Amino acid sequence: MLFRVEEPPQPELSVVAAAIVAAMWLLPALVGSGLVLIGAPLYWRTRPAPLLVGWTLIAVAWYQYYSTMSVVLTDALRWVSALLGALLALAVFVLCVRTAERMTPQEPETKGLTEKERKYVESVLRRHLEVTDDP
Amino acid sequence: MTPELESVIAAFAGSAALTSLFVILALIGTLNPYHRPAIPMLGALTVILTSTYLFAQTAGIAADSGALRLTMSEGVLVLFELLPLAFLVFTLLFLQASFRKRPDDPLLALLESESGSE
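Protein chains in written order, with my numbering: chain A, 1 to 135; chain B, 1001 to 1118.
This is chain A alone, in the form it adopts within the complex (with noise of 0.2 Å):
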């Protein structure tokens, strides 16, 4: 079943209360970004219908978002309080990737091609540069 019929419950139901409030300024403003991604000269060419679309659809969920947000002070500790917490998560992870590769044994220095490999390796490029024996 893709979709639940029943209601989750709490903690889980705030969340996707959470995620419909959001979808209404979301939705819009993912819409016109593509839009804005379509019409802008990023390659210098300009496509003037996307452009304005997306533009009225980006202001349209900056509206929405205001009409139905309020934000004060606690949100801003909020916000770097977040992002401290996703910033010291990557530290952990980057230490640890760090210290498994410095665990990591190291491979030995591969040997020398053998007279018979490089004759096969020579003939392979010659063939690729086309390059004739005789002068």
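Just so you know, not all the hints are guaranteed correct.
Take a look, some chain A residues computed to stay more than 12 Å from chain B by CB distance [stated by the list, open to error]:
no., residue
1, Glu6
2, Ala18
3, Asp75
4, Val97
5, Glu101
6, Pro108
7, Thr110
8, Thr114
9, Glu115
10, Lys116
11, Ser123
12, Val124
13, Arg126
14, Arg127
15, His128
Computed footprint of chain A on chain B; a stretch qualifies when at least three of its residues, placed anywhere within it, have a C-beta under 8 Å from a C-beta of chain A [said to hold, decoys possible]:
no., stretch
16, 1008-1015
17, 1039-1045
18, 1052-1061
Hints were generated in silico from the structure; no laboratory data involved.
Model, not experiment: these values are computed from the prediction.
Glycine included, each C-beta is placed from N, C-alpha and C at the ideal position.
Chain A is fixed; fit chain B onto it per the hints.
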């Protein structure tokens, strides 16, 4: 503890736990024979469990699977709160892209002047 401070700590723990969950999903998605995901996976799990413990201590609840679900939900909620900030940055970048003008190319100018003189 004030509710504001509790909310700030919950945002910190939630976003750290959710980011680590994304890290674990990325590690699973990129598994290959040359990959050594054990240590990063353990690190991410440690962050998730520590964040859940911190959240449970702050909220005064038991550090069990319910606390883990609450921490993750808090992470998603705070992510929704951060989206407008990202959108603000993107709006400014889109403004810059929409009013972009082709820079004067000295070689093209030279070519045009030469073709004009002939």
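These are the hints, each one checked on the structure:
Every C-beta of chain B lies more than 12 Å from that of Glu6 (chain A), the closest at about 17 Å, which supports listing it as non-interface. At roughly 5 Å from the closest C-beta of chain B, the C-beta of Ala18 (chain A) falls inside 12 Å, breaking its exclusion from the interface. The non-interface label for Asp75 (chain A) is inconsistent with chain B: the shortest C-beta to C-beta separation is roughly 6 Å, within 12 Å. Not every CB of chain B is more than 12 Å from the CB of Val97 (chain A) (nearest about 5 Å), against its label as outside the interface.
Under the 12 Å C-beta cut-off, the non-interface status given to Glu101 (chain A) relative to chain B is violated; the minimum distance is some 8 Å. The Cβ of Pro108 (chain A) lies farther than 12 Å from every Cβ of chain B, with a closest approach of about 16 Å, so its non-interface assignment holds. No Cβ of chain B approaches the Cβ of Thr110 (chain A) within 12 Å, the least distance being about 16 Å, so the stated non-interface status holds. Against the 12 Å criterion, Thr114 (chain A) stays outside the reach of chain B, whose nearest CB is about 27 Å from its own CB.
Against chain B, the non-interface label of Glu115 (chain A) holds: every CB pair exceeds 12 Å, the least being about 31 Å. Distance check on Lys116 (chain A): its Cβ is at least 29 Å (rounded) from any Cβ of chain B, clearing the 12 Å threshold; non-interface status holds. For Ser123 (chain A), the condition that its CB be more than 12 Å from all CB atoms of chain B holds, with the nearest at approximately 31 Å. Every beta carbon of chain B lies more than 12 Å from that of Val124 (chain A), the smallest distance being close to 26 Å; the non-interface claim holds.
Every Cβ of chain B is farther than 12 Å from the Cβ of Arg126 (chain A); the closest lies at roughly 33 Å, confirming the non-interface assignment. Distance check for Arg127 (chain A) against chain B: the nearest CB is about 32 Å away, which clears 12 Å, and the non-interface claim stands. For His128 (chain A), the condition that its CB be more than 12 Å from all CB atoms of chain B holds, with the nearest at approximately 29 Å. Three residues within the 8 Å Cβ limit are the bar, and the stretch 1008-1015 of chain B against chain A gives 7, so the coverage statement holds.
Coverage of the stretch 1039-1045 of chain B by chain A holds. Counting CB-CB distances below 8 Å, 5 residues qualify, and the rule asks for three or more. Coverage of the stretch 1052-1061 of chain B by chain A is violated. Counting CB-CB distances below 8 Å, 0 residues qualify, and the rule asks for three or more.
Figure legend: structure checked against the earlier numbered hints; hints not met, in rising order: 2, 3, 4, 5 and 18.
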